[in-house]
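Colleague: Same order as they appear, the protein sequences are chains R and D. For the first sequence, counting from 1, position 5 maps to 89 in the numbering used here; every step adds exactly one. For the second sequence, counting from 1, position 31 maps to 322 in the numbering used here; every step adds exactly one.
Since the hints were derived computationally from the structure, they do not count as laboratory data. Please note that a few of the clues may not be correct.
What the hints assert, rightly or not - DEER-style ranges, computed between Cβ atoms:
no., chain 1, residue 1, chain 2, residue 2, range
1, R, Gln113, D, Glu341, 33 to 39 Å
2, R, Leu107, D, Trp404, 42 to 48 Å
3, R, Phe204, D, Thr382, 45 to 51 Å
4, D, Glu309, R, Leu91, 26 to 32 Å
5, D, Ile390, R, Asn115, 48 to 54 Å
6, D, Leu379, R, Leu153, 18 to 24 Å
7, D, Gly367, R, Leu91, 40 to 46 Å
8, D, Ile386, R, Met103, 52 to 58 Å
9, D, Ile400, R, Thr191, 33 to 39 Å
10, R, Ile127, D, Glu339, 30 to 36 Å
11, D, Gly367, R, Thr188, 39 to 45 Å
12, D, Met393, R, Ala110, 47 to 53 Å
Here a beta-carbon is modelled for each residue, glycine too, at the ideal position from N, C-alpha and C.
The lines below spell out each chain.
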Amino acid sequence: MAGIKALISLSFGGAVGLMFLMLGCALPQYNQYWPLFVLFFYILSPIPYCIARRLVDDTDATSNACKELAIFLTTGIVVSAFGLPIVFARAELIYWGACALVLTGNTVIFATILGFFLVFGSNDDFSWQQW
Amino acid sequence: MSGFLESLRCSECVDWGEKRNTIASIAAGVLFFTGWWIIIDAAVKYPEVEEFNHSYHACGVIATIAFLMINAVSNGQVRGDSYSEGCLGQTGARIWLFIGFMMAFGSLIASMWILFGGYVVKEKAVVYPGIAVFFQNAFIFFGGLVFKFGRTEDLWQ
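Okay, chain R solo, but in the shape it has when bound:
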């Protein structure tokens, strides 16, 4: 039951984040849909860590080089998701207000993804390992 509650609150977080992103795009005074490209970063961000977890058998070692490389790449994707709207705003494709809304959405979405991994990454009854 705890898993269901966490799942519902996390999906609420994801919806709020996407709402901020769409606000940055679709408000009548902004009306530029360039920030939607950060959706690619949202989709790509969990991939390195999932690959590393599949590749490495979880023995007693607390860490290993493959997982650290995955964390490095994930950090890069997250930084890119923050960098892209800032560059859009500096290139005057979008307004700074839209950029701020997209950055807020980024923060919420990545917190949601992190929460997903923290909640469902460790326990055994309802986890990624079964997939």
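With chain R held as given, fit chain D onto it using these hints.
Modeller: What follows is chain D alone, placed relative to chain R:
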């Protein structure tokens, strides 16, 4: 009021020893990709060759290759206490690391040269691309150092 801060314990609630590699990886990732986004920003703002010569991008590319070379060999291989010999063994790892660090320092020096020789001394109207090149290379260099030396290999065993 005295002794107010003594009850504050920060280092005990989180075990930093086990998290060290994770934190170093995150810090290195932030530094490396921030560097690249700085140069993307400069390239977007100043697309003209007169303001931002496109050949200056080579500096960041060399720094990135150096980053990959430095982090491709582990400290254990250089010290010679790894399990497998590899293709050239300890000597090969040392030469590889030496060339990698040489490229890293070279790109850092070259970026300073670009900033001063290409922008400051010539008194160009727009200095920002030169500063961007310098900061890009500095961020990539320090990102490489953090990724190489911030992590400890004791956690891998």
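Colleague: Quick check on a hinted range of 26 to 32 Å for glutamate 309/D and leucine 91/R, using CB atoms only.
Modeller: Holds, at about 28 Å.
Colleague: Does the hinted range 30 to 36 Å hold for isoleucine 127/R and glutamate 339/D at CB?
Modeller: 35 Å, holds
Colleague: Has the hinted range 33 to 39 Å been met by the Cβ atoms of isoleucine 400/D and threonine 191/R?
Modeller: 37 Å, holds
Colleague: Measuring from beta carbon to beta carbon, are glutamine 113/R and glutamate 341/D in 33 to 39 Å?
Modeller: 35 Å, holds
Colleague: Quick one: are leucine 107/R and tryptophan 404/D within 42 to 48 Å, going by C-beta?
Modeller: 45 Å, holds
Colleague: Please check whether isoleucine 386/D and methionine 103/R have a Cβ separation lying inside 52 to 58 Å.
Modeller: 55 Å, holds
Colleague: Measuring from beta carbon to beta carbon, are phenylalanine 204/R and threonine 382/D in 45 to 51 Å?
Modeller: For threonine 382/D against phenylalanine 204/R, whose Cβ atoms are near 47 Å apart, the range 45 to 51 Å holds.
Colleague: Kindly confirm whether 18 to 24 Å is satisfied by the beta carbon distance between leucine 379/D and leucine 153/R.
Modeller: Check passed, 23 Å falls within 18 to 24 Å.
Colleague: Kindly confirm whether 47 to 53 Å is satisfied by the beta carbon distance between methionine 393/D and alanine 110/R.
Modeller: 51 Å, holds
Colleague: Taking the CB of isoleucine 390/D and the CB of asparagine 115/R, does the distance hold inside 48 to 54 Å?
Modeller: Since isoleucine 390/D and asparagine 115/R have Cβ atoms about 52 Å apart, the given range 48 to 54 Å holds.
Colleague: Should the hint that glycine 367/D and threonine 188/R are 39 to 45 Å apart at their CB atoms be regarded as holding?
Modeller: Holds, at about 43 Å.
Colleague: Just tell me: holds or violated, for the beta carbon distance of glycine 367/D and leucine 91/R against 40 to 46 Å?
Modeller: Since the Cβ atoms of glycine 367/D and leucine 91/R sit about 42 Å apart, the hinted range of 40 to 46 Å holds.
In summary, this structure violates none of the numbered hints.
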